[in-house]
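Chemist: Here's the letter readout for the chains.
Protein chains: 2
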Amino acid sequence: MSARPRVVRVDLGERSYPIHLGTGDLDGVGDAVARHTGANQVGLVTVPGVGRRYGARVVRSLRAAGLKVTRVQVPDSDATKNLGQVRKLYDRFLTAGLDRKSALVALGGGMVGDLTGFTAATYLRGIPFVQIPTTVLAMVDASIGGKTGVNLRQGKNLVGAFHQPSLVWIDTATLRSLSPRDRAAGMAEVVKAGAIWDARYFARLERDCDRVMELDPRALIPVLERACRIKAEVVRRDEREESGVRALLNFGHTLGHAIEKQMGYRRIRHGEAVAIGMVHAARRSEALGLAPAGTAGPIEDLLARLGLPTEIPRYDRRAHLAAMKVDKKKEGRKIHYVVLRRIGEAQTVELSPAEILPARAPA
Amino acid sequence: MSARPRVVRVDLGERSYPIHLGTGDLDGVGDAVARHTGANQVGLVTVPGVGRRYGARVVRSLRAAGLKVTRVQVPDSDATKNLGQVRKLYDRFLTAGLDRKSALVALGGGMVGDLTGFTAATYLRGIPFVQIPTTVLAMVDASIGGKTGVNLRQGKNLVGAFHQPSLVWIDTATLRSLSPRDRAAGMAEVVKAGAIWDARYFARLERDCDRVMELDPRALIPVLERACRIKAEVVRRDEREESGVRALLNFGHTLGHAIEKQMGYRRIRHGEAVAIGMVHAARRSEALGLAPAGTAGPIEDLLARLGLPTEIPRYDRRAHLAAMKVDKKKEGRKIHYVVLRRIGEAQTVELSPAEILPARAPA
Numbered sequence: 040m041s042a043r044p045r046v047v048r049v050d051l052g053e054r055s056y057p058i059h060l061g062t063g064d065l066d067g068v069g070d071a072v073a074r075h076t077g078a079n080q081v082g083l084v085t086v087p088g089v090g091r092r093y094g095a096r097v098v099r100s101l102r103a104a105g106l107k108v109t110r111v112q113v114p115d116s117d118a119t120k121n122l123g124q125v126r127k128l129y130d131r132f133l134t135a136g137l138d139r140k141s142a143l144v145a146l147g148g149g150m151v152g153d154l155t156g157f158t159a160a161t162y163l164r165g166i167p168f169v170q171i172p173t174t175v176l177a178m179v180d181a182s183i184g185g186k187t188g189v190n191l192r193q194g195k196n197l198v199g200a201f202h203q204p205s206l207v208w209i210d211t212a213t214l215r216s217l218s219p220r221d222r223a224a225g226m227a228e229v230v231k232a233g234a235i236w237d238a239r240y241f242a243r244l245e246r247d248c249d250r251v252m253e254l255d256p257r258a259l260i261p262v263l264e265r266a267c268r269i270k271a272e273v274v275r276r277d278e279r280e281e282s283g284v285r286a287l288l289n290f291g292h293t294l295g296h297a298i299e300k301q302m303g304y305r306r307i308r309h310g311e312a313v314a315i316g317m318v319h320a321a322r323r324s325e326a327l328g329l330a331p332a333g334t335a336g337p338i339e340d341l342l343a344r345l346g347l348p349t350e351i352p353r354y355d356r357r358a359h360l361a362a363m364k365v366d367k368k369k370e371g372r373k374i375h376y377v378v379l380r381r382i383g384e385a386q387t388v389e390l391s392p393a394e395i396l397p398a399r400a401p402a
Numbered sequence: 040m041s042a043r044p045r046v047v048r049v050d051l052g053e054r055s056y057p058i059h060l061g062t063g064d065l066d067g068v069g070d071a072v073a074r075h076t077g078a079n080q081v082g083l084v085t086v087p088g089v090g091r092r093y094g095a096r097v098v099r100s101l102r103a104a105g106l107k108v109t110r111v112q113v114p115d116s117d118a119t120k121n122l123g124q125v126r127k128l129y130d131r132f133l134t135a136g137l138d139r140k141s142a143l144v145a146l147g148g149g150m151v152g153d154l155t156g157f158t159a160a161t162y163l164r165g166i167p168f169v170q171i172p173t174t175v176l177a178m179v180d181a182s183i184g185g186k187t188g189v190n191l192r193q194g195k196n197l198v199g200a201f202h203q204p205s206l207v208w209i210d211t212a213t214l215r216s217l218s219p220r221d222r223a224a225g226m227a228e229v230v231k232a233g234a235i236w237d238a239r240y241f242a243r244l245e246r247d248c249d250r251v252m253e254l255d256p257r258a259l260i261p262v263l264e265r266a267c268r269i270k271a272e273v274v275r276r277d278e279r280e281e282s283g284v285r286a287l288l289n290f291g292h293t294l295g296h297a298i299e300k301q302m303g304y305r306r307i308r309h310g311e312a313v314a315i316g317m318v319h320a321a322r323r324s325e326a327l328g329l330a331p332a333g334t335a336g337p338i339e340d341l342l343a344r345l346g347l348p349t350e351i352p353r354y355d356r357r358a359h360l361a362a363m364k365v366d367k368k369k370e371g372r373k374i375h376y377v378v379l380r381r382i383g384e385a386q387t388v389e390l391s392p393a394e395i396l397p398a399r400a401p402a
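Sequences listed follow chains H and S, in order.
Using the numbering used here, you'd call the opening residue of the first sequence number 40 and step up by one each time.
Using the numbering used here, you'd call the opening residue of the second sequence number 40 and step up by one each time.
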């Protein structure tokens, strides 16, 4: 039931960094943090549940590596990801004496990573940070690529910075404490990686889906590794979302964000909204003649096997259209919308919100 | 009385940008903004005094270049440089529909540039921005090099980002509306450029000092140009303050910041505090045997001719020491303090706050 640790390198010149993937090796993180950040003091940010389970082990490992640690807990809710919380973190870290030779460490899911990363990006004009993701979503997506940010009342991630971590440390054993619902939600981004980039990987997911959900490391580690490699490759080709390659990662996200916004972020998981958005985008790809018939079906089936929703709940076309209009991906009037050409290959097309959500409710 | 515009290039690879130096050519800024940012919409940030004098001209020039303009005025005080103001700017720009193809333009002094630059660095994870500096300080220092940021109650510039502008547009005619005190304060950074980097330039300042203060373009433009070139060269060698070269720009700033903090930012100009800090650092350089006797004298004389203070007002060693300890340049216990080896050559040494401010009041 065990597997050797793997390392995926995110290749970004002087901003390159390794993603370590192991099982049950959280105790090794301290040495790696010291080595990759050069820090002598760290601020560790986590949420209560994760902190209770893993906080003491991480703190012990950091201290054993000679690091002074200031531990801060933030409320476990996406509503925590705001400027007020960033300001509280600045205060805590100034009081603790964190200086330019210090680093931040995010222990938790995507929210903790985004919040901590943005704080690191802007504290004293930027200090290093490390991600210890404890959700599937954070492992394969949020922790890789340097997107950090917080929400405004007008929308998600409207404020942020590109700030690459110095290290991502994944211990898949931390996934055991995740609820089945959260585990499944995270798998949406794994399915996305296959759908937009790698048909063979998609087939592997269809085959290994059940063992992955049971967290069998022999199935899980290779699946997470490949998802990380795909994300790393996309980020390497287009670090700052300029050439359009990175935009492919938005597959399922345009409608997904609108659904999250319309339902309220507490009531639907990001991955669930993205699952619905991917099925919708795959169906639209077929309907617009961009992908062959039969493209959406396997995606819908795999997501359903993972226990993810595939239909828009409480469909309200006007509300969803309005939500899309403040989406930060909007440029001018048209929206860059990611469609599939087939499973394993995506492209961006310019569509108006009305073309994305046609007047008839999506079939 | 006129002089041809000059262009100084800040050479930072894909983040390179030009500094345009002219006199009376504010009307040309719109085309340059459109060309260098690629934006179709801009947010223009300014303060009441500058806005009243130059706002309409800049807006007209931007609109003539086909740009949609949202103009925002912020209070003219360093206290404006805070996170609450940044949040207000986010709100205004979201309401105005600024997207990733938009840019910000800062029209004013260093405060406006720092605030606008930080907002641009973090709005939608970063959009381009242009500096139109209207003070000497902003022209030769604050607008060049990509340091952006805001103050926290604990200290100045504790939050920020490195975000290079796409263009700096200097029209020296805008200096005419500056009070003599503000003009002089800005010259402190010009003197600094000579003191740390270029003895011949320092000699030129001694020669042309009066004509520069009268804003004679034939003396002023070459002086500003050389100061910009020195700043650009330092930034090119050490964009993110990593190798120590950029730290030389902190000459006079360690004590300067402490004085500003202790007196309150409203009661002393940044340049005045830096002038005092430079004289102190030059004297300490002599006292520590790092620079030959007679190094501090000419600096003190030149600053005095410009009407700048050279002695610490209301000296309070304990308060100044305390203020230095939260300076963000602090690393570990010792402070990187910039001393002179001679006029035109500086170096950083590690000193404790007590070595910088010896127990006896500085002579």
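One or more of the hints may lead you astray.
[What the hints assert, rightly or not] Computed list of lysine to aspartate or glutamate pairs in EDC-like fashion (alpha-carbon distance at most 16 angstroms, straight line):
| # | chain 1 | residue 1 | chain 2 | residue 2 |
| --- | --- | --- | --- | --- |
| 1 | S | 140 | H | 280 |
| 2 | S | 107 | S | 70 |
| 3 | H | 107 | H | 53 |
| 4 | H | 373 | H | 355 |
| 5 | S | 373 | S | 389 |
| 6 | S | 364 | S | 384 |
| 7 | H | 140 | S | 281 |
| 8 | S | 364 | S | 325 |
| 9 | H | 140 | S | 70 |
| 10 | H | 364 | H | 394 |
| 11 | S | 140 | H | 281 |
| 12 | H | 373 | H | 340 |
For the record, the hints were derived by calculation from the structure and aren't laboratory data.
Chemist: All the hints need checking, so say for each whether the structure fits it.
Modeler: Verification of the supplied hints:
1. 140(S) / 280(H): holds (12 angstroms)
2. 107(S) / 70(S): holds (13 angstroms)
3. 107(H) / 53(H): violated (26 angstroms)
4. 373(H) / 355(H): violated (21 angstroms)
5. 373(S) / 389(S): holds (6 angstroms)
6. 364(S) / 384(S): violated (26 angstroms)
7. 140(H) / 281(S): Within the cut-off at roughly 11 angstroms; holds.
8. 364(S) / 325(S): violated (24 angstroms)
9. 140(H) / 70(S): violated (42 angstroms)
10. 364(H) / 394(H): With a Cα-Cα distance of about 13 angstroms, the restraint between residue 364(H) and residue 394(H) holds, given a limit of 16 angstroms.
11. 140(S) / 281(H): holds (11 angstroms)
12. 373(H) / 340(H): Violated, because 31 angstroms separates the two Cα atoms, which is more than 16 angstroms.
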